[in-house]
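Q: In case you want the letters, here they are:
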Amino acid sequence: MKRVTVVCSMIMLAIAIPLAAAAQEKADTPAAPAVAVVKFFGPILISSAGQSADVKMVGMMAKRLELDAKVEMMAKPEHLEGIKTLIVVPGFSSKGLGAAGISQKDEMARVVALIDEADRKNIPILMVHIGGTARRLGQSDDFNKIAAKHSKYMLVVEQGNSDGFFTKLADEAKTPLEIVKKIPETMQPLQKLFE
Amino acid sequence: MRKIMPGPGMRAIGSASVILALCLPLFLTLFLPVSVLHGQEAEIVCRENGIAVTSHPRATEAAMEIMRMGGNAVDAAVAAAFAIGVVEPHASGLGGGGGMVIHLLGEEKSYFIDYYSLAPQRVGELVNRDREKDRHTALSILVPGTVAGLTLALEQFGTLPLATVLKPAIRCAEEGFAIDETLASLVLDSAEMLGMNEATAEVFLDMGFPRMLGDTLRQPELAATLSAIAGGGAAGFYEGIVAEQIISEISAVGGVLTLEDLKNYKAKLSEPLRGTYRECEILSAGLPLAGGSVIEALNILENVDLRQMGHYTTSAATLHLMAETLKRVHSDRSALMGDPDFTYIPVNGIISKDYASSRFHQIDQFSVTPRRYRDTEVGNPVRFDKAGPGKAGAAEPRNANVDGPDDDGDFGKSTHDKWSGDIFDSFGAAKAKSAKKPRAENSGKSSRENKSGEKRSDEDSRDSSDKDDWNLEEAHTTHLSVVDAEGNAVSLTQTLGTFFGSTQMAAGVLMNCGMNNFSASGKVNNVEPGKRPRSSISPTIVLKNGVPFLVVGTPGASRITSTVVELIVNLIDFDMDVAQANNAPRFFCSKFEDFLHIEGGIAEPVRNKLERMGHSLRVHDGIDLFFGGAHIIRIDPVTGAVCGAADPRRSGTAGGD
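As they're listed, the protein sequences go chains A and B.
Counting from 145, one number per residue, gives the positions in the first sequence under this note's numbering.
Counting from 883, one number per residue, gives the positions in the second sequence under this note's numbering.
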């Protein structure tokens, strides 16, 4: 029994190592399209699409980078007055919706109105997705899609794109997509975009 | 998510595939005895030599490791409870409290250990403060009971040394573990408040931003505290260096806990609350925990043959009856339940069959009564309490706390029996009568107060009745179930109050926010030094012919009662196996909002009929963590097969040998 176990374990290891290598190789491949040179300017309005708390993290980044930005979880078209860039942070949170006292339908209507107004005023939209898998699939993807579709640039933490979801959206909309490994690494490209 | 495509290495192992196919089952049997959930369906796991079901694979493994060393169910449950506090640090831990029900088959005896947190002596200084504002501060911290409760269980009923059962927890804290989906999502949601305490931020955040799925979470300070407990027992936590560090750190951020509070904390060993349901005996958590509510609900439901009525996912009549039952139970709990050491609680009346019968006959089979859930009347179980007020050690009943008779003026002798028709063919009649307008009742009380004028506590869930939003109070807390090879059983639920508790960390321990479980006014559940707040926690063991049949429990705040009752109904009335019971859609309603929450999966015709009966539905998208994370074990009374299932709503596992 012991011998069988050892043999099987060795076989499993022999299989697992090349498999892992192949997986790693594959994982590295869904690369983003070449990042185009895009510049954004302040003042910046940062809003959520889906009422997740991720927007507060992006607000914290903007503060640390000393960007001219304000966070409005429930931004409406009138908040775009004097704004030169709209940062949309997509991600659905039932807790967030509960705290705001609104339904998903209400939130989608708000987001659509905000984005439409930004488009009408030619205010560029920067989509920042930092929530990884926690802000993917289901209702989150409804907000991810609308934010991606209207953005001029997409900044995404890698885990949220592990299935190439944002790569596909970026390809379709021909929008530059920049992928970073971890949430704190979002700050560097964010800074560059506003230099 | 990523697809693994065959690479060059795959070609070299083509011939090995046959051997692999032969060896794989053996490999899985030998090395992967824990069945991990896949997708959103619970899986059934059956084992011969003991089984543990917890919210995290590492906690399940801790229990299995201890059972393999010869430990019994209590040893394993204590090991898992310490470990779950490390790997599910948001839901429970050394800084919180809980309760457990134990049944020892050899002795044919059952026990209940109450280790819920209690108010510190200086709590009077906090009485008039805004609890909601204080929730994520040191002012919400009660004296934690977890260490006292777990060590008491081990001393009384365990077989292995404390240092041995603590090993898995210490290992997890020292070496770290990969953050799972549930924790990643919660850290992301809570990052702002986690960042407000430096020590908490150090653990959960990376440069001020949330750690993510797959990241390693290490808790070296917590490991040191666990090691101090391993060396010194409960005193290693409640006295000495660790206690001094806790008090020093909590005091520095404004908390009122003292060294005396810690030193004086004692877990309470007693018998569980007992009831019966369809030839089974129910053993559940005593006061101030909510086993009595589970028994009350089952007693009411026992007045009908649910199996004949049909399952609540396909029968509106069944779901309506269960919802109306749970509304009344919740109403009673929020008005009458509290710490029996401070006030007379008519618990014997609440769990009596006669009282249940009176409550049952107040339910209208055709419509929601009263029209608004929040107007649900509190019952009067005092007359059914044979022990009565004035028993040794109990305070006299305070009229302000106990509701008087309803508009019938005589409980138990309802003059309009709303179930006088034949319930089993009532559904057709219900169609004809569904247009009947339910009684419009309004107590005139604020929705934040019950009839006795008591403002409700955190656990009673927040009010959303005046706007069209959903009650999305978090499904905090954790539950684990263990049965060993001898058939001994432990059902254990523990909590920090809400996810991440107060978010204040001391000596590596995340501290509870139990203050929010006290009511802001009234006498039953008001704050007093040394008092335990009421909680919905209901760890339960069901016996059949005197031996354990079911071990069940769930987290989920105010949903705990409804989820435990639904599971017991699924398992007893509908003969479901544990996976089916856990996969079945759930529902919830309470006194403090006017919505009947249901999960997706409840048939549309049922939903339509419920709406016609007067229920205002809130349909959740698929299954939802909101409804808890139940971990169940069933011991087949005929074959003796022991099977468990973790809840697909959480990241749990069932495992055993």
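If you're looking for bench data, these hints aren't it; they were derived computationally from the structure.
Please note: incorrect hints may appear among the correct ones.
As the list claims (entries may be wrong) - Pairwise CB distance ranges, derived in the manner of DEER restraints:
1. Gln-332/A - Glu-1037/B: 53 to 61 Å
2. Asn-1010/B - Glu-210/A: 52 to 60 Å
3. Arg-1160/B - Lys-325/A: 17 to 25 Å
4. Glu-210/A - Gln-1003/B: 57 to 65 Å
5. Val-256/A - Asn-1010/B: 21 to 29 Å
To be verified - In silico PhoX-like links for lysine-lysine, alpha-carbon gap of 25 Å or less:
6. Lys-1491/B - Lys-991/B
7. Lys-1015/B - Lys-200/A
8. Lys-239/A - Lys-296/A
9. Lys-200/A - Lys-318/A
10. Lys-239/A - Lys-991/B
11. Lys-1491/B - Lys-1150/B
Don't be surprised by glycine CBs; every beta carbon is placed ideally from N, CA and C.
Q: Quick check: which numbered hints come out false for this structure?
A: 2, 3, 4, 5, 6, 8, 9, 10 and 11
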